[in-house]
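Undergrad: Residue numbers (our numbering), protein chains in the order written: chain X, 417 to 701; chain D, 11 to 291.
Keep in mind the hints are simulated off the structure, nothing from the lab. Source: prediction; values computed, not measured. Any given hint could be a false lead.
Straight-line C-alpha distance at most 30 angstroms; calculated BS3-like pairs for lysine-lysine [unchecked claim]:
(1) X/696 with D/242
(2) D/106 with X/696
(3) X/696 with D/206
(4) X/696 with D/135
(5) D/274 with X/643
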Amino acid sequence: MFEKLKKLLGFGSKPKIKENPKIKENPKVEAKPNEARKEESQQGVEKVAEKPRLGYFHLSGCTGEIMSLSENYDILAEILTNMVDVVYGQTLVDVWWDDENPMPEMDLALVEGSVCLQDEHSLKELYELRKKAKLVCAFGSCAKNGCFTRFCRGGQQAQPKHESFVPISDLVKVDLTLPGCPASPEIIAKSVVALINGDMDYLQPMMDLATCSLNCGCDLQTIVVNKALCTGCGTCAMACPTRALTMNQGRPECNKNRCVKCGSCSIHCPRTWFPEDRIKQDLGL
Amino acid sequence: MVLGTYKDAICARATDKSIQKVSQDGGIVTALLSYALDEKIIEGAVVAGPTEEMFKPEPLVALTSDEIISAAGTKYTFSPNVWALKLAVRQYGLEKVGTVAIPCQLMGIRKMQSYPFSTRFLADKIKFVVGIFCMENFPYASLETFINEKMHSSMDMTLKMDIGKGKFWAYTDEEELSIPLKETHGYEQAGCNICKDYTAELSDVSTGSVGAPDGWSTVLSRTENGKSIFDKAVEAGLIETKPMDSVKPGLGILEKLSDGKKTKAVDEIKKRVEMGLPVPF
Chain X
417 MFEKLKKLLG FGSKPKIKEN PKIKENPKVE AKPNEARKEE SQQGVEKVAE
467 KPRLGYFHLS GCTGEIMSLS ENYDILAEIL TNMVDVVYGQ TLVDVWWDDE
517 NPMPEMDLAL VEGSVCLQDE HSLKELYELR KKAKLVCAFG SCAKNGCFTR
567 FCRGGQQAQP KHESFVPISD LVKVDLTLPG CPASPEIIAK SVVALINGDM
617 DYLQPMMDLA TCSLNCGCDL QTIVVNKALC TGCGTCAMAC PTRALTMNQG
667 RPECNKNRCV KCGSCSIHCP RTWFPEDRIK QDLGL
Chain D
11 MVLGTYKDAI CARATDKSIQ KVSQDGGIVT ALLSYALDEK IIEGAVVAGP
61 TEEMFKPEPL VALTSDEIIS AAGTKYTFSP NVWALKLAVR QYGLEKVGTV
111 AIPCQLMGIR KMQSYPFSTR FLADKIKFVV GIFCMENFPY ASLETFINEK
161 MHSSMDMTLK MDIGKGKFWA YTDEEELSIP LKETHGYEQA GCNICKDYTA
211 ELSDVSTGSV GAPDGWSTVL SRTENGKSIF DKAVEAGLIE TKPMDSVKPG
261 LGILEKLSDG KKTKAVDEIK KRVEMGLPVP F
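This is chain D alone, in the form it adopts within the complex:
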């Protein structure tokens, strides 16, 4: 299946205005993790927290909704959240941990849960993982290239970065800057080129902007646990929804992008195997 196994596909956004203000799209990750925290489904969440340098996140063990909200918004570079899961369990002593993960991070988390070789009493403490759609990830220096060299702006002036409508966007106080997405190609990390997972197929719930109108997100509920938490958050009024087939552009575009990523990965894998390089997939 091109979008992986899922129970429901729905268009959604957080109802909380304070989340809407800071979120990348529908604020689903923030709303879900905050809800899970408030309902004590989790005791803390590992998120991509802010640092002194703009758009250079670091994993943060968030223990309050405010801390989760502080991490809202997409950062297009590394935040090794999986690393901090151990921190959350060992140093913070959390028994129930949630996190947000991109597909490769989910692969690490799920592999550890199925084969917990040297992670004593960690696997069963991870109770809720929200996955985000991911085409590729950039080294920080690539972002600098886009913003500084190609857009002639600066990281400090940038308030938000976004990818959509075929462009890489950077918003400042005064301007909406963009470059064609084509110009970012070749700047992503090489490890992404063999990844076949666009929609975080191993998550409990996965979400992303593609398929949904501006300010909304597409949500795929995958596991029983994920569906139950999402449904309860909707019931509690923290998330509002619209049927997927009532919105534009709809699931078709998501399927197209997901299929595209898979096809490109298969080609790259073939190429690497021909070169005699190891590929795990």
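Just chain X, with the same shape it has in the complex:
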């Protein structure tokens, strides 16, 4: 199935990515104190466009996003070795930040999970990554709008005080988002490729949605049905990952006991925003 995706995304038509020996440095090097890096980054500007430097941050999320990312089996090796430079991330590259190893500069920080206001480490990491990253992406619905962590109310082990989990845009400026619970492997691949190709048109909706912290199943009623927009097409119910949404008499009906507040319904609804030009381009129409 990825053959088609690869073709769609233009994989294989970019041999020039490989002729870039300079960036084959060990990512760990980046994590060490390195005063000389500032000068280097000047010359590296051109290459950045070809091979973005990526950081992966895991706050309060279920690891669904990184699993989804790694589900791009066929293209993952290509992405990680030749298309992006992962300079930060515990799982992907075994690099993290402490007092001896300052956080590296990066083009894009992917942040998974909401942030817990009582967790000083998460707060520190979030504020620091905002300083080091050119773009911050709320990766997955927890980071974007809180999603499932919106139900948290503390009083549990391992730390009963951890009770307030908020979207990262409540605390720092967020540039773009990849919502979903989890964000699908395909949207991750498509977005990474768009970023590499500098295709900002494709990423525009992700930027527009960056600070949207609404979007649970109940919001569908107020932002679509109550606004005379719903046509009963069923796209919201298709997008719902928990089958909280069903269609009744041509309108979505949300079972609040199942809804995880991921907002997939509102994101997918063709009446909340509609990328007509991109669709026609993709279809060749």
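Since chain X is already given, all that's left is putting chain D on it; use the hints.
TA: Quick look at chain D alone, frame taken from chain X:
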């Protein structure tokens, strides 16, 4: 372009008598989906299947031609087929799915294919979408109003509903009932009023009665994939065709209706924007 981008416009109907008997017009949707199924272009199709209540369809994942034929005929109310695409892929385990969709449903499907945010491994499994021309869609209660109150008939007695020649028709065993189309205005769902797409411009192939003689359909082949499937179905003898310019009333009326829908939508959008309401188009 008033009819969207298309490669071919042609007048066509299914040759199979069992399809002709039950189809709304030319039976193109039924014939194309059955053909795609038989040729293993798709493994199943999501269609607006029958339920115990007449004209109250529900999405059906059809795995045989018989099931597809059971869904033939237009129902003028909701069947959220897009919803069942996930059912077809996840529960039925289909790798290649086809469906029939009205313009708003196509917008949902195509948006999901271009931006598959939370639909893991679904977008690429949708292999063939037949679009149907659509001016508007009615809540079921509106249909009851037409049939029960305005025509003094009943849903149970109604065998077929149709819109054409300026009228809304309901056929029973004994009678042909109708009301002027004007009387249905105001009963369509409000969401339709901002829709600018009459001819399912984002489909692989779109079809509908307008422009073609009785018992035939107008077919617009749009994508490479759609044209290829339609052409092969014609070659296989499942669909017969006539050149569009040889039939009455022809493409002109389709263009007129399509243009009319666009103009009305633009007016409504303007009105809503003035009221400060959100409009995605």
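Undergrad: Now tell me, hint by hint, if it's right for this structure.
TA: Evaluation of the provided hints:
Of the pairs offered as hints, the one joining residue 696 of chain X and residue 242 of chain D holds, with about 24 angstroms between alpha carbons and a cut-off of 30 angstroms not exceeded. With a C-alpha separation of about 22 angstroms, the suggested pairing of residue 106 of chain D with residue 696 of chain X holds against the 30 angstroms cut-off. Of the pairs offered as hints, the one joining residue 696 of chain X and residue 206 of chain D holds, with about 15 angstroms between alpha carbons and a cut-off of 30 angstroms not exceeded. The suggested pairing of residue 696 of chain X with residue 135 of chain D holds, with an alpha-carbon distance near 19 angstroms, which does not exceed 30 angstroms.
Restraint check for residue 274 of chain D and residue 643 of chain X: the C-alpha separation of about 18 angstroms stays at or below 30 angstroms, so the hint holds.
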